[in-house]
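> These protein sequence lines map, in sequence, to chains A and B. Quick note: the first sequence uses our numbering, first residue 206, plus one each step. Quick note: the second sequence uses our numbering, first residue 3, plus one each step.
Rather than coming from a laboratory, the hints here were simulated on the basis of the structure. Any given hint might turn out to be false.
Below 35 Å or equal to it, Euclidean Cα-Cα: the simulated DSBU-like pairs (lysine-lysine) are [what the hints assert, rightly or not]:
| no. | chain 1 | residue 1 | chain 2 | residue 2 |
| --- | --- | --- | --- | --- |
| 1 | A | Lys238 | A | Lys517 |
| 2 | A | Lys540 | B | Lys335 |
| 3 | A | Lys612 | B | Lys266 |
| 4 | B | Lys480 | A | Lys612 |
| 5 | A | Lys606 | B | Lys111 |
| 6 | A | Lys300 | B | Lys882 |
| 7 | B | Lys983 | A | Lys555 |
| 8 | A | Lys481 | B | Lys882 |
| 9 | A | Lys509 | B | Lys83 |
| 10 | B | Lys663 | B | Lys266 |
| 11 | A | Lys601 | B | Lys75 |
| 12 | A | Lys582 | B | Lys949 |
| 13 | B | Lys335 | B | Lys75 |
| 14 | B | Lys111 | B | Lys480 |
| 15 | A | Lys481 | B | Lys335 |
| 16 | B | Lys266 | A | Lys582 |
| 17 | B | Lys882 | A | Lys436 |
| 18 | A | Lys373 | A | Lys392 |
| 19 | B | Lys76 | A | Lys517 |
| 20 | A | Lys270 | A | Lys606 |
| 21 | A | Lys457 | B | Lys983 |
| 22 | A | Lys501 | B | Lys480 |
| 23 | B | Lys266 | A | Lys436 |
| 24 | B | Lys76 | A | Lys560 |
Here are a few chain A residues that face chain B, going by a calculated C-beta distance under 10 Å [to be verified]:
| no. | residue |
| --- | --- |
| 25 | His382 |
| 26 | Val464 |
| 27 | Ile589 |
For every residue, glycine included, the Cβ atom is placed at its ideal position computed from N, Cα and C.
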Amino acid sequence: MISFRRLAKTCLTGTILSLSLLLGTSANAQDGKTLFQTNCASCHAVNKKMTGPALAGVEDRWPDKTKLHAWIKNSAAFLKTGDAYANNLYNEYNKTAMNLFPNFTDKEIDAILGYIKTVPAPGTGPATAANPADAKGQEGDNTLLFGILTLILAVVALTLLQVNANLKKLADDREGHPSVEPVPFWKNKSYIALVTVILFVIGGYWTSVGAMGLGRSKDYQPEQPIYYSHKVHAGVNQINCQYCHVGVYQGKQATIPSVNICMNCHMAINEYKGEKIYNEEGQEVNATAEIKKLYKYAGFEEGKPWDASKAKPVEWARIHNLPDHVYFNHSQHVKAGQVACQTCHGEIQKMDEVKQFTDLSMGWCINCHRTTQVQFKDNGFYSIYEKYHQDLKSGKLDSTKGITVAKIGGTECQKCHY
Amino acid sequence: MEQKKHWQSFGELNQSEAYNKDVKDEFKEELPFVSEESASFLGTKAPRRDFLKYLGFSTAAAAVAASCEMPVKKAIPFANKPEDIVPGISKYYATTYVQDGDVVSVLAKVRDGRPIKIEGNDLSPLTKGGTSARVQASVLDLYDTARLRFPTIEGKEVTFEAIDKAVASSLSGPVVIVTSTITSPSTKEAISQFLAKYPGSRHVTYDAISYSGILLANEATYGKKAIPSYHFENAKAIVSIGADFLGTWLSPIEFAKQYATGKKLDEKNPEMSKHIHFESVASLTGSNADEKYLHRPSETGAVVAALLSAVNGQGAAGISDAKLKAGIEKAAKMLAANKGAALVVAGSNDVNVQIAVNAINEAIGAGGKTIDWSATSNIRQGVDADFAKLVEDMNAGSVGSLFIHGANPAYSWFDADKFKAALKKVKTTVSFNSKLDETAELCKFVIPDHNYLESWGDAEATTGHYSFLQPTIYPLFKTRQWQDSLLKWAGNPSDYLAFLKTFWSAKLGGESGWNKALQDGVLNPSAGTLASASFNSSAVANAVTALGSGKKGGKIELVLYEKIGIGAGQGAANPWLQELPDPVTRATWDNYVIVSPALAKTLLDIDLNNGGQADSYEVNPPKKVVKVTVNGKSVELPALIIPGTHPDTIAIAVGYGRSEKLGKSVVGTGKNAFPFATLSGASVSFVNTDVTIVSTGEKYPVALTQTHSRYDTEQGNRTEVMKELTLAAYKENPTEIRDEREAELKPYGGLEKFESQGTIYPVYDRPGIKWGMSVDLNTCTGCAACVVACNAENNVSVVGKPEVLRGHEMHWLRIDRYFSGDMDNPNVVFQPLMCQHCDNAPCENVCPVAATNHSSEGLNQMTYNRCIGTRYCANNCPYKVRRFNWADYTGADSFPNNQEGIVNDVVLDMNDDLTRMVLNPDVTVRSRGVIEKCSFCVQRLQEAKLKAKKESRPMVDSDLKVACQQACPTNAINFGNANDKQSSISKTRKENPNRQFYVLEQLHVLPNVTYMAKVRNADEAHEAGKEKKGAEKKEEKKEHA
């Protein structure tokens, strides 16, 4: 019995170790990619010009890596140095200023650049391809491999145990020891117990995962009364988010635009002439007809002056639903925290119909609060944290990590629940 | 247990048996699952198997529910967004609280189109941002489900056109307009236009609690039928004879503000005003007085006459009671010594008393110093004789039509039956009251007025001080401002808004001036000098003679008084005010007969010095019912024993026993005491000098809160909480309190090192912000404005009388009343007590789910969604400030109708969709089964921080006021960032090291609320000092034990 126990223990430890190693390595490999997606992807693609240039080969284009770092951290300040390459770039892209990332550490920038290098140029064959989706697939394969391996080992262990028991019985018989009739393994209490425990753990895991998912609706993409494309408005036509979401710098709600805001432009724009739009099912959307739908809500007849008082509100299907006991303030994040819209809403400028990008779970909030730095040096409010300022100067606090939201109490209950 | 200096209840004073048993239990009722020992386990109410069944069912149900699709929710924006409204951001509009004569300039916090909170307007030089409990509660009246929703003719709904037509055809002269005091100049103009149209008509002002005595006395002595403005801030010596000027008399917010300036103590130069109070029944003002003397109500005249003669140097003649006589002489001496800085006020409605008071004020040079005749007060203009004459006229049939606005004589007139009979003889009766009150019920036409938050208007509380009203919400119902009706019927083509605008634009230099005045809410006169008026002393001699020959009182005398919350009945339909514990009696939801401890002994057979009897009286809510009879009219009410009441006096609060049509909260609450008033001469007297009182032998439960929230066990001894000393003692040894604290904490490192040495835990850094509060017990008058403000700001539930009886009241902030000294005439200290946000909080350690924990800013955080309701925290809280939700009082659960049968109608009414509009959307509505408590208004703290962050600057004091601080009329509450050396909380703490103390500091819970000890301006320095030393000894003993 002792040998059996030891064997089982070894097996279990081995499995756990290998699984945790697997998860650990995959998390490390993701860093640059995550950083890229949360911070850069709203304006840059690796192989395609968007708001900003395609980033493939960016390190080769820039003459000096330190200059590149300076540019990424604070493009406005770098422009002032009069660097020719930077200024050309700025002019080339219609003087669209690049967002400032003063909180990026050199390490993080390198991680992003590293990630960009790993993305292959389009057109290269799938054999050498290592684009993100495939990488994910491979990771999935690995897990499967380990799973199969574990299973085989488990079967082998079982068989060996069985053989061991039979041999022991034979030996006992030979030596004349009275021996008990061997219990078949499906009646063996140890096996039953083991199986029960395993089933309980797996069942428990799925139950808790399921329970935690209650009320979460990541990727929720309801059908809206008007087929409104963020891609056309925010992406193609570059309308600032704040033009329609007027409350985003001021209050809790970013606010869904009222009909009169739509009509500011659509009194003149009465037909859609852009690229064809396809919905999720792949059918073409008649965007001009959608504009007419808006006219119906607005009570607007073309050619006649519009009476705003006749407008009826559009009853949009609500996508982002925070529970009532959570206090969330857009202005806190966008104005005070300088967080980009895309961090939480995804690449909204690429979405025709909006879907929920994150799961809006508390874990997701907290994780961001743990890693995101506040505008510690730039915002005058934080001048009262004299001790932290001193510690940053003296190096007592790691200046690359800076002061995160959590450090100033941003993970405490009553920051969001009251 | 040793005797403590301060006591909250008789049981505590006597250390009686039932008291000691009672305080052992945190919760007053039996726990539901405790079964009798003999019954088997399965026989209990909720056996284990049932529990498992429910558990299984709920899990399965949750699983089924979870597998369903999420419902599609709508997000509906504006169709046409107004430019200045951003959803989720509150706007503050200046307006004016106007109720009968009361005028308070306020700001209405409007959130997404609905007013949810009333705050004081700092721009008003009268109230200076102060409010009262009634002002704070007034926002709930807007959402009252009992408000009239449309105009009616004989109870049937009609349109405005129809009612205008019907009234026009049936108007017959002469028309009489009866209103409560009108302070609005434009309304007066509208009335005069109407009266001009119907010759022979007149306007009669009727105040339920009138100040006819003062008005007529001033007419006799100063030639002006007006009330001057009083300036308590200029008075070093204040004598009040039954005037409750901090609670209900005239303009309490204004007076409290002034009074507090004289009570604010500068530690370096400790000088205070001195206030001597003469009264018959314990009142809020009497409780705050430095010295208090009791007299019979029938002696009021004699006391005033004696004071007049003493001030004139002729000694206090005609007073037989030696103590009282000494008090009068002392008061006279004090007044004489402070000539030009002294003030005498009296609450009596007797003209002669007020004439004598005027004579005293003349003698002490009050005119132009503490009494200002250059700006008179307009808030009470009614003279009772005018109304009495109107009733006669109506009876004689010489009144054709009667309009009523604000006034409610069918309830509050002493001879209401006569008025009702007279009303029947009037052909056309129109009521503009916004609810179907006792008078409106009897009127043929009812055109409900807007709530003040829906109205346009103006008010002139004191001559030259204008305050404006603007609507803060679109009218909820088919109501119309009554001025519109008047103008329409007067044939004026413009509506009231246009009329008002024209009226003011002319005076203010056009549209822009009007807009500015509306935005500020006030228009103030340039600061002038105070003026006296020429005094005509001819009436004084007669008045004094009349006072001398006054009727002797019978065996027992009755005083009718107003409660700070209910007033003359205006607050009766407001659940917040009904559930507000009266500061003096600590009772809710009822009126009652106040009797003295001495009378209780003879009348009720309750000897409070006898432990057992005190217990049966105090620990059990049912109180003995007494029957009070005057002239054949009688009322049966429970009796409450209140120390500080004259032995031969009883008192009943008016404002109760209202018509059930006013709302759920008046049902079964109290009885009407107005019929006991009498008309004497030209004014109604609220004193009845000869009543009979008998005990009926029955009992009636009264929801008293003073005996709640106490705890005394071996694990947590109840020790002296209050610190109080006299000014003389303070001058003698300014560091007395500090020394006392030092001695107490010496074994644990003394004051300086107590935080680090008193514990085995590490001391945590508080970088950035550390919130702190300071409460000055010297300026706190106990007026309870903060309590109601807290209710409104934090969605604190109303629980109803049956729940208060069980100790389930939810108030996050309570005001404790402490007595000390003589049982018959004790000193009183009020102490607002809320969560102390201890840095070493005992509640946090015992929570099994970490639902309550500490923030880096020093907040003791409560997370409702984590709370599983073990109540360990409430049990372990030494201050008893945590409240448990026993029922779903505010309808937070998603199950419909799950409160029915559990809570009473008042609570259900608070859950109506209309009433719920008052809820603050920034504060979670707590559901059943969780603990809640003061959060230091964390939603305001977060808002203030965010505001500063958005402007990229450090937070400053002006960014933030917590609700209780904002409401306080005396600025007794101070709040802010204690880490900021420039904040007022830091300065207050630094400047008052001697008076500062923490409640139960010796427990090392490290509260973030500091109190500043009450300093009473009394002479007895040494006596108090001795008792203090006794207390120290007791503490030492405990340490050894």
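> For a quick check of understanding: which of the numbered hints are violated here, in increasing order?
As far as the earlier hints go, 1, 2, 3, 4, 5, 6, 7, 8, 10, 11, 13, 15, 16, 17, 23, 25 are violated by this structure, in ascending order.
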